[in-house]
Every structure is written in structure tokens, then in C-alpha cells.
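> Chains as they are written, first to last, in numbering that gives the first Met the number 0: chain A, 0 to 313; chain B, 0 to 265.
Just to be clear, a hint being listed does not mean it is correct.
[Claimed, not checked] The calculated PhoX-like cross-link candidates involving lysine-lysine, where the alpha carbons are at most 20 angstroms apart (straight line), are:
1) A:K299 - B:K31
2) A:K309 - B:K48
3) B:K31 - B:K55
4) A:K279 - A:K309
5) B:K48 - B:K107
6) A:K312 - B:K239
7) B:K200 - B:K55
8) A:K237 - A:K312
9) B:K200 - B:K238
10) B:K31 - A:K279
11) A:K299 - B:K71
12) B:K71 - B:K200
13) A:K310 - B:K64
14) B:K200 - B:K246
15) A:K189 - A:K175
16) B:K250 - A:K279
17) B:K48 - B:K200
18) B:K31 - B:K48
19) A:K310 - A:K299
Derived from the structure by calculation, the hints contain no laboratory data.
The primary structure of each chain is shown beneath.
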Amino acid sequence: MRKKPADVWVYIEEGQDGFPRELCLRMIPAARQIARKKHGKVRCITVDRNIEETKGIGQPAAYAAAISRLTMTQLPAVILFAGTLHSQEIAPIVAEMIDAAFFGNCVKVNAYTRTGQTVYQQISFGGAVTVRSVCGSGQPEVAVIRPEALEDQAPEMPVCLLHVGEEQTEEAKRVKLIRMQPVEETAEMKPESADVVVAGGRGAEGERGFALIRALAGELGGAVGASRVAVDKGWISKDHLIGQSGKTVSPRLYINCGISGSVQHITGMRTAGTVISINKDPRALIFNVSDYIVVGDMFKILPPLIREIKKAKQ
Amino acid sequence: MRILVCVKQVPDTLDAVFDEERGRLKRTCMPKTMNPYDRCALDAALEIKDKNENVKITVLSMGPKDADTVLKDALALGTDEAFLISDPQLEGSDVHGTVMTLTGAVRKLEDIQHDPFDLICCGERSVDGGTAYVAPALAYRLGRPFAARVMSCDPTDQGRLELVREDEDCVQWLETAFPCVVSFTKSDQPVRYPSVSGIIKAEMARIPRLNADDIYGTMPKREAASVIIRSISYHRLKKKSRIIREKDPEKAAFMLADLMRRGHLI
């Protein structure tokens, strides 16, 4: 009889630079805790990109096939994925392939001390609902952990990576990469790790608005964020996008200017400490989740506000 | 060229999500709309139809009976036909169940028309559940190539599809063979509005319904994963806020700076 599965696997993704992605490594402390309660081990799995034709594309099925083949010989109890874009594509396919119970959008994963059963805390409706659940059968479990729920730093201790080769699938063969353009790293402060974020949206109207937003962020020692509209219009790069398809931020202070507050945007900032919203529209949805609201024009309010803050700092 | 667009009906706003007295979601009285990411998928399909001849767009949704409103919206925008999968037996499907039902429905529609869909367009994720499960899993179940988070796509003269997609730290240009499944994250296209004739056509349309028997026939339905919910909690997202309504921007800025100072935010 197969031994009752109790190991916890952590999928470690390889970044474009060839190194393990840090966000994935940050799942390891949680994985260790769960594994201890299950009397199992933690294994870090990485998939090598070894197929010439698909190099760089990462056809998710090819990665998922490699992972699920590994489960045939050593079935884990839990496979954890970090909520990166790439991992989010692979996890569902792995779950389908190995007939696992799937837990997406997890903000917390731990296990009962007595039974070793894993408990998943998932959010939905943009954070309005939290569900705590467990898997009731002996099925393997696949979970995706949201980036903001991970430890702040990857563990310092060395990690042993179990390498498996990417598995060529018929589907993967039919996709070809034509070209790729890396998104350039900037020296600017990243909103996801900043203590203060000042963000702009449609109401920033363009680069002039973002110049003011940058000035305010600079004065507060913070980073610049943006809504989808501002990114789509090309006023600021995608690195600054806050929301469901961008970064999730939890700064101590979040100031937003001219952002109406779609559900997607609110998902990305609802865990922020104090929220200050400046918007001309008195019915802006973002006001629902704001501590301080200024109904007015950001172009008129930001210059004196920057002056006042300068004064206060002296 | 035949395109299938999968759309989901979702609650419209953060408002009214929460029933304070009974401590649960007020799903029935929440305004509903088409999932915005699915709308991007739909816009991309309509864009292909605008630029190419002989494109037929089918729209598919799964949900309660009133989910036909999102299909009517899609018809009003210029799609050709719509189907709704609706059956009390399928209520409360988990993500696996939804994928199996959609896979079955796609096969069924392809059987009826003796022709596979060249392209299946989905939204990257829904704004309610938001797990981004369905599109990649559907591609896997159908055994078709998949590209996630596509921003724009264009059929080439060589009968392939050229795609631009975003990844964690790069933008990629890909080419894929048909048939394939693509999930969309946004479109650069301006928002489309339905024409008057489109609205009339959609109003008149009777949307055919597929039930569990149509899709699964005698095949056993896949069992849902046995997930046991231990607790559900609802958070009021709404905060008690201080509003500054001062008309004079100088004074408003001063008041805000003062509040920030007192809150030790400066």
C-alpha cells in the first residue's frame, strides 16, 4: 500500500535571469510549518526549460505535465504555488492532471496540529469574503498563495531544488515565440515594498498629473502607483499598476488621486493602512474604502498639500 | 473562422455585497454585469470579426436563468449566437465541475456544427471568485494550445494566430496554430457600444439553453472535490471616513495636511 502522502511541495519558478524567483522561495517557511504538522518533508520543485522550440514561452501544460509526472512516483499531500502570473497558469492544470482539490487566492495556509489536515483561508469578491476550508478526502491538494500573504523575505538557508525536465506536449509544440521584450527595471521605488504609496488614475489626465504625484511621493518618501487606465494610456509603466492584474500593496499610507476605485483596483490596495482619496467625483467608489476624503481637483490640491507637508517636516 | 467567447455574469459593485442583519451575501439583489475580463475577450473577438470576413462568434455562459442578460448584451454588441448552460443540477459547481461542464458544452456545440471552434476566448479571471482557473484548465481538457493574459491578437494570412501577451517581466509576441484557447487581460480597443439594431436583435433573441443531460448525456458527472467549508466571514470593506468638502483648495490641502500630521502620517 502506498504510504499516506504527507509531503509538501513548493513550486519554485525560474525568473528570466535564470535564478529562482524570490516570491516563490518566500513560501518555504509556511510549507515547513505545514510539513512539520503532517510529519512530512518539504520539497522544492523547479522545472527546467529544456525544450528548444518552446524556450522562454513556458507553455503552462508543458510545466504542469512535468510536475504531475513527478507526482506519479512520490505523491505529495500539498503542492503550493505562489500567486505569480506564471504559477497561476500552471496550478490549475496540475490540479486537473492529478485530480486534486484546488484552493486559489489563499491568504493563509496552515495545518491542524492534531490531524495534520491543511486549512486554507481564501478570499473572494475583492476581499469582502474570506472562506476557511479543508479538503475532506485523501485527494492531493493544490493551492495558490497570494503574493501579499507571503513572508517578507526568503529564508536564508540553502534550498535543495528538485529539477525536472519540461515535458513536451502536443499543445506546447504548436506555440512559437516570435520575440520577447523584457520590461526594464527602473531605479524607482517599487510600490509593493514601499511604506507610502501615492497613486494616480484617470483624473491625473497625463504626465503632468503624474509629475505632481511623483513630487508628493518624493516628499513622503514613498513610491508611485497607478490604476489600469493610467497604465493603459501610457502615462506610467505597468510596474506601477495596482490592482487585481497588477501589484497588491499594503503600505502604511495610501494616497490616491483621481482614481474612481474599480473592484479590481480596490482588491490591490484594500489591506493598506490609512487611505486618503482625492477625487472630483463625490460618488467615487474608492471613497467607500477611504479614511480621509477630499472632494476636489488634484491639480489644485496637490501643490499646496506638498507645500504643507514640506512645512510640517521642518 | 469560428470563435467561441466564454462569459460569466458577476456582481457589479462592491456595494450591497453584504447583508448586515443576516450576515451573508445579498447575491440576488446585487446588480449584475458581464465579468470585465470576459468583456475584453469579447471585444477582441469582435475586433477580429470587424477586420476579417466570414467570422462567426458564438457566446457561451454558465449560470442561473437570469445570466442570459450578459448573453443578450453580447448579442447586442454584434455576436452571432449565444447559448446558456443552466441547470439546477449544476448549481454550486466548483472550479473543476465548471471546467468539465464547459468542456462538454464546447464538444457538444462543435458536434452539432460539425466544425471545431478555431479560437476560444476567455477572460483571464472573474472578478468575484478570481482564481484564474477556468481558462488554462479548459485548454488542457480540450487538449489545445493556450496563451494567458493576451492583450491583442490577430489572425495571420498563414492561418495562424499572432498574439501579444504579458508575462511577469516581459512582453511576448507569440504565434499559435488553430484551434487554441486564449485568455484576455485587457484590450487596447475603445469601449464598444451596441447599435440600436443590435439592441433590438438581442431583445428579440431567444437564447437556447443547455442542461446537464445535453452536455453529459449518460456520462457520469465528475464529482466535486470534497472540500469542507469550516467558516465564512464577511468584511465590511466600507470604512468610516472623514470628508473634506472645503471648496478652497488651499484650505482643503491645509486641513488634510493637519489631519495627516495628527495621524502621524507625515
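> Going through the earlier hints one by one, which of them does the structure break, listed in rising order?
Of the numbered hints, 1, 2, 3, 4, 5, 6, 8, 9, 10, 11, 13, 14, 15 and 18 do not hold.
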